[in-house]
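Peer 1: Below are the chains, spelled out letter by letter.
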Amino acid sequence: MRIEIKAAILAVVISGLVLELTFGIAPFLGSLQGAGPHREVQAKTGDTKPLASPGGQAEQGRSLFERNCAHCHGGDARGDEGPTLFNLALSDARIARRIKEGIKGEMPKFGSKLNDMDIAALIAYLRTLND
Amino acid sequence: MNNSLWIKMHGGMTHFPIALVMVSIAFDLGGQFVLENGEKTRRAGLRAAGFYTLVLGALSSFGAVASGIIISHGEIWGRGNLARHHTFLWPAFGLVIALAVWRLVVGNRASSGAFKIYLTASVITGALMSAAGYWGGELLLNG
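In order, the protein sequence lines correspond to chains A and B. Heads up: take any position in the first sequence, counting from 1, add 899, and you land on this note's numbering. Heads up: take any position in the second sequence, counting from 1, add 1200, and you land on this note's numbering.
Accuracy of the hints is not assured; some may be wrong.
Calculated cross-link-like contacts (lysine-lysine; reagent style DSS-like; alpha-carbon spacing at most 25 Å) [stated by the list, open to error]:
#1 A:K905 x B:K1316
#2 A:K1003 x B:K1208
#3 B:K1208 x A:K1008
#4 B:K1240 x B:K1316
If you are wondering where the hints come from, they were derived from the structure by calculation, not from laboratory data.
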């Protein structure tokens, strides 16, 4: 068999194995996140009571926040390019509208990406961000 | 480590494989169109540059993929722009690894016909990487 064909077979096998391994270790890599904002708040306040039960709505909201919002609002939600999200004085409906529709020239729309359940979870998480 | 730092790391790391693979394609295409007569040294030089940039691109893609998985909390598909990003990313990642392995094994022994097939696959890989990069940017900027 020609070297090119042998190499192609080997390349496909190794590529497949690399993808398989990548998908296999994805859950582990996904767990490598550092302390989220709620943990930092707990550390700051000395409060040992969980702000949200694991798997709860606020916990889901934190995960959504880190994937969608942390880039601009900072990993600790205290602001980066976007403003801090601590002590929000807006109503749930207004926060939901801002997430869905964005703010022209300032914040992108998330209405096509996040459904109502996601937004509710995000709001539940944002409500835990109090100094 | 803070998630926003991982996001920034992914943004930085992801440009290495994109740039290196694109440059590799450019070198190989350049080498392909250099005239044979009296230009063999230049062609060999361009092919060697194409080889090393491809291998470096493939190696750097591991860092980009790992940091991406970390910021998506282990999500390998998702929905919306994340799903679009992954639709192009996974085939591109697989192809980059396959192309690098193929060239590592074949070295300079590739026939003209086989190398043309390789070049076609590398151009497709470049297009897939560009699309993955585009949707990755959309993901960051537009949610």
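Peer 1: For each hint, tell me whether it holds in the structure or not.
Peer 2: Going through the hints against the structure:
| no. | hint | result |
| --- | --- | --- |
| 1 | A:K905 x B:K1316 | holds, 17 Å |
| 2 | A:K1003 x B:K1208 | holds, 24 Å |
| 3 | B:K1208 x A:K1008 | holds, 21 Å |
| 4 | B:K1240 x B:K1316 | holds, 17 Å |
Checked against the numbered hints above, the structure violates none of them.
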